[in-house]
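Two chains, two frames, a set of hints: combine them into the complex.
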Amino acid sequence: MTDRGESLYRAYLVVLGCWVYLTPLAIAATREMSAGGLQTLASPHGAVLVAAAVTTLLVGLHRLAVTVAPIHAAPGVVGIVIPAPLDRARVLSAGWWRRVAGFGVAALFLAGVTVAAGGAIVPAVAIVAAGGCLAWAWRVGQLGPRRALVLAWLGTAALTLLVLAATVADSTATDEASPLVQALLALSGPGGWLGLALLGSHGAGPSLPAVLATVALVLLAGWATFDLRALRRIGVLELSEHAGRLAAATTAALVVGNLRDAQSALGRTRSRGRALRLSRAASPVVARDRLGLRRAPDQVATAAVLVGLGSVLQAITLGHHLPLLVSVLGVVVTYVGLGPLVQGLRQHVVHAHRDSWLGLGHEQVAWQHLVTPAVVALAVAMPVTLGVALLGHAPFTALVWTVPTVLAVAVGQVADAYAGSLPPGMATGVMTAEIGDTGAIRAALWLLLSPLLVVGGCSLFLWAALVPGRELLGLAVAFGIIALLASFARGRIANSLAG
Amino acid sequence: MTEPNQPTEPNQPTQSTEDPTQALVLEALGVCRRIDDQWLLHPTDLTVAPGECLVVRGENGSGKSTLLRILAGIARPTEGEVTYGGTRVDERDPWCRERIASFVDPPGLYTDLTFRDHLDLMASAWRAGGSSLVVDPPEVALARFGIEHLAKRFPHEVSSGQGQLFVLGLAFARPGSLLLLDEPEQRLDPDRRATLAACLTERVDAGGSVVLATHSPDLADAVGDLELWLEPA
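Residue numbers (our numbering), protein chains in the order written: chain A, 1 to 499; chain B, 1001 to 1233.
Hint data in this document are derived by calculation from the structure and do not stem from the laboratory. Watch out, some of these pointers could steer you wrong.
Unchecked claim - On the chain A side, residues computed to face chain B include the following (Cβ under 8 Å):
(1) R274
(2) G292
(3) R295
(4) L358
As the list claims (entries may be wrong) - The following label-pair restraints were derived from C-beta to C-beta distances:
(5) A:S240 with B:N1060: 24 to 34 Å
(6) B:W1095 with A:G392: 50 to 60 Å
(7) A:P83 with B:T1111: 26 to 36 Å
As the list claims (entries may be wrong) - A partial selection of chain B residues facing chain A, derived with a Cβ cut-off under 7 Å:
(8) P1107
(9) G1108
(10) D1112
(11) D1120
(12) A1125
(13) G1129
(14) L1133
(15) K1152
(16) L1170
Here the structure is a predicted model, which means the values were calculated and not measured. Backbone N, C-alpha and C define an ideal beta-carbon position, used for all residues, glycine too.
In isolation and in its complexed conformation, chain B is listed as follows (with noise of 0.2 Å):
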């Protein structure tokens, strides 16, 4: 049995906030995913408590992807368990979705919406759906990443990074107390960047979870307070 792969520096302590989908605990325990005897994620653990940022590195092919699809309940780990705040994540629940906002793999964007009409629609679900967060307004979400003047526009009418700022503007607007992304800063410019940077420091800041895969060691430096490197699979 390869070794678990671990965080490399202890747990933080967090602040308490008095928000009670602020006070969950992300935890993995022993989590796989091998297909016959081909390994796509060595056994691995961790842990990542309210306002904190767990930064996943490693080569391509080192199950980063994998480990966040399982984190996000989108997929099944092969052996092992991941619960959040004490319950067992799967996207099915509608309790996880409110709770843990996924960005693994690219969103599936209507290509007869604009971005303001994606934005719409999701505060729209939200509100459907019973729950009692709010979706951040539209304008709110765009100017985060300083595309505002792309609100009427259609997906296909856009440039690659600039619809990765408009996938970061969903997943920033989305409420949910732990937020997973699988390298955000692709496509964008150093200036972008830095503002992506400066959201998850925010988000982190005001006690949310964030779990980030990424290959930019800038990135890493700027925001994780724990790194986990996954050894090749």
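If we strip away everything but chain A, and leave its shape as in the complex, we get (with noise of 0.2 Å):
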């Protein structure tokens, strides 16, 4: 097949997958959005979630700029066709394009459910050059420069304003608006995209400052798609490096099935922080830690928001007898924000075969690089924790509860770093009369074991914490617990080691 049959296929796929499964899932939740659910998306609150949501995208593509370039070539091509003397921007605006079509096609996909669900045809076109917008905002990441970096944030905050505004504006109870979200009612006017886009409510039709920035979105995204002179600037060794960090990438997580040896090809290097020096600690791999830790204050930022969330998320469940669903769901966020502490662990083991130049045992230095992310994660966890536990949002008893849950998390993330690479059998299909091939299932079982055992785990005693009475059948069954993972990683260290 050729490399245009080969897209072509590709994207029939994508269509149909979309058109069958996605399609009636999303149509159906559009229609279940009622206009009290539209009101409270624009309160303050709903104002603050919305923008966090878009402030974290825009943040997130441009990181993830970083370690997935937009614009990257196979190595065959860095090779052999970038050195030539070609227009180093056609060359690339293949791939460049080819980026650009999956978010439009993922845009195509929400206007068409828009029109679907009985909106309109502005909000329609304006969520389409959203996406590719945010397809130039993940670019601007890699290429800059940074000034279209900041007109693509301030564009988006302020489209996001106004998407709130005219939310509120085709909803019924106006009044209740805060001042802000009134005085962008002048703005905006009746018939905002959301509005109409959700509730079809298009009598009054879209107003003009609405009109106006969907025309400059288009435009924007126009601009942004086919102005190729960024392409020129990129250099041939950060294209060699993106393509062999993508290769080693694709090989572990596909063809190994080792997806912690892929998040270490992708990961990013780094140069701050280099006057720092190792300090005094009981563990000079605790030391080590500390070290990587202060030189990387993004990912501590990240874990902290994250771990702190998994805590308050706990810390509620028993003040307010909230489904246990509510805490579990805190342990998962907990788990998530522990990885960007375990870097160093996850180093070691990407060496695990290799000398020992620190005349230690590997399985020591394996679990000494947990006493750095369980201390951080503690440290943030149970200020956390008292903090909504003054604010009487929870009994003083949940600090006891957050330490189980950090140190079952912690030994988790090392069985989690020595899963190793899937299994051969795993990768095997296994049909079933019932549901047909399982291999895709059981691959992804196999992956997410280390997670679910945590989960599984803490799930039992942090149940038995809601009960009254039971606390300290949950504290023998929470260490129990926490002594089994152990067990689990240490024999996960032994095979890696073996193998």
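Right, here's the structure in full:
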């Protein structure tokens, strides 16, 4: 099959998948959205949440550009075609337009759902244009210039506020909106994008600012897509580095089934904090990790936010007798939050089969790599839980449950880091009469085994925590589960070193 | 059964020293490695006494790296046994780690530590392990190969040759009465190869033992007391 034919076939598969599986779900969800829900979305709390989501999306795309650059080429192209005296923008533009097309397909899908749900054309066009702008934000993260990033961020922030205002405009109880939103109403007028899109109440027609903003968005997306000058600024060394890292990550993830190696291949290299030195600590490995985190304050901040959020969810479950699921969600968030803190462990695992120049045993070093992340996580989780308790949203006993949760999550990180490659048997499809091929499910369960065990184990003792009078039983269960997780992790370490 | 690989020259008499860690002899008897009927290393015998340097040579695929991994206790031989000072070598044994400095594979460096940090960390780890042996200070370790100006560089900020010089700096800074190196001359310019040869000679003259795999006849001639030629596996 030719490259063009292969591309068309892939596009066909994506469209078919969206049409068969996602469209009915999306339309159903859209029609369930009530005016009350939109009102909530446009309230001050909703505005903060939406703004946070948009900012997270932009920051995420910007950071993604460092690890997975939108402009890259296959190693063969980098080695043979790129050094030729061709217009580099022409060589690289095909890949760039494929990335834009990826965002475009997703945006077209959302726009299609919007129209199908009774929305108007203007919001549908705006959604497609926003998709192009997001692709541009990704590219700006790799190639700059910084002023473009600022423009993208400011523009997106303004558009978010406009959308929020339009949302309120289409709901009935506008008098209850906050002064800020009321002020924005004057700008957007009735019939803004989100209201039009979700409610179809476009009797008044779109406001002039909404139409102008949409036109501006379309022009920006068009200019960003077809302006290829930035592609000429990219150097062959950068292309070579991205090609090598992507090839290594793809091999690790798809061929070997080792997501940890894939993560390492895509990991960022840093040059920050060069003057910092190892400080005194009980263990040299602890000192190493402390230095690593001092050189990665952004990772520490990300971890602190996630661990803090997980602690809040766990604490308020106890305070407000919320369903156990909320507490379990807190464990999941804490597990994800510890990820950025265990980079020392991840690097150690990659070198497990190499000579130990430290003069320490591999397993010994692996466990010592947990000390710093666990201490940092507890240093965040305990004050946050105490704060929630002082505000009256949780009992002070919530502090007791923070410790086993963090310990279980930390031990689970060791087991996860030493998972190694997907066993060959897992990659083989197994047909069943009921649900067909279960190979993918089994592989996914194997890859997620450590977090699933942690979440399942924590659920048991957090369930006991919710029942008055069972606290001691819960604590006994908690430390029993931590011991079992540690035993599981030791088994994986032994397998890894033996292999 | 294939004839065992053996050193082509008899062992040389060694200087006796009072340091107990230097009175150790490395012995391998009939060590081999195979997977099913595929030989990675034919049966090999060798003995390296203190103050000796054994140069392992052979074509690509003859099993040089495999032999060094077995000597380091990182890999298990299919048959045969390796002892150092009468103790079976095993990388998991702290006694072995304190005495055998092996740099067979590229060592795992931390991407978020500078070269100086790595040397500080190694010194700190050795102190924490209760060893009476002392890691060379960073300044000495880096100056040995003329890379003191790279002290504040991260591993991804140097050339491949500079990276190799740093690995050698780590290898020679680390205490140990037996040093195992696999093709240490890789990516080095002629001047740096001469520096490497001088460092190896100094090490051996001080009573240390060295096992070195190399494709460089010049390096082999400069430092080797013994030569072991491995037949293709």
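Does B:P1107 pass the interface hint, meaning its C-beta sits closer than 7 Å to a C-beta of chain A?
This interface hint holds because 5 Å falls under the 7 Å limit.
Restraint check, 7 Å cut-off on beta carbons, for B:L1133 near chain A:
violated (9 Å)
Was the hint right that B:G1129 lines chain A, CB cutoff 7 Å?
Holds. Min distance 6 Å.
Does B:A1125 meet its interface restraint, that is, does its C-beta lie within less than 7 Å of any C-beta in chain A?
Because about 4 Å separates B:A1125 from the closest Cβ in chain A, which is inside the 7 Å limit, the hint holds.
At a threshold of 8 Å, is the proposed contact between A:R295 and chain B supported by beta-carbon distances?
It holds, given that the least Cβ distance between A:R295 and chain B is near 5 Å, below 8 Å.
Is the shortest C-beta separation between B:D1112 and chain A less than 7 Å?
Holds - the Cβ of B:D1112 comes within 7 Å of chain A, reaching about 4 Å at its closest.
Can A:L358 be said to touch chain B, with a Cβ gap under 8 Å?
holds (4 Å)
Go through the hint on B:K1152 and say holds or violated, using the shortest Cβ distance to chain A against 7 Å.
holds (5 Å)
B:T1111 and A:P83 - C-beta distance against the hinted 26 to 36 Å:
holds (28 Å)
Between A:S240 and B:N1060, is the Cβ distance one that fits in 24 to 34 Å?
Roughly 26 Å apart at Cβ, these two residues keep to the hinted range, so it holds.
Do the beta carbons of B:W1095 and A:G392 sit within 50 to 60 Å of each other?
holds (59 Å)
Checking hints one by one. Is A:G292 an interface residue toward chain B, by the C-beta closer than 8 Å rule?
Holds: closest Cβ of chain B sits about 4 Å from A:G292, inside 8 Å.
Of the hints listed earlier, the one the structure fails to meet is number 14.
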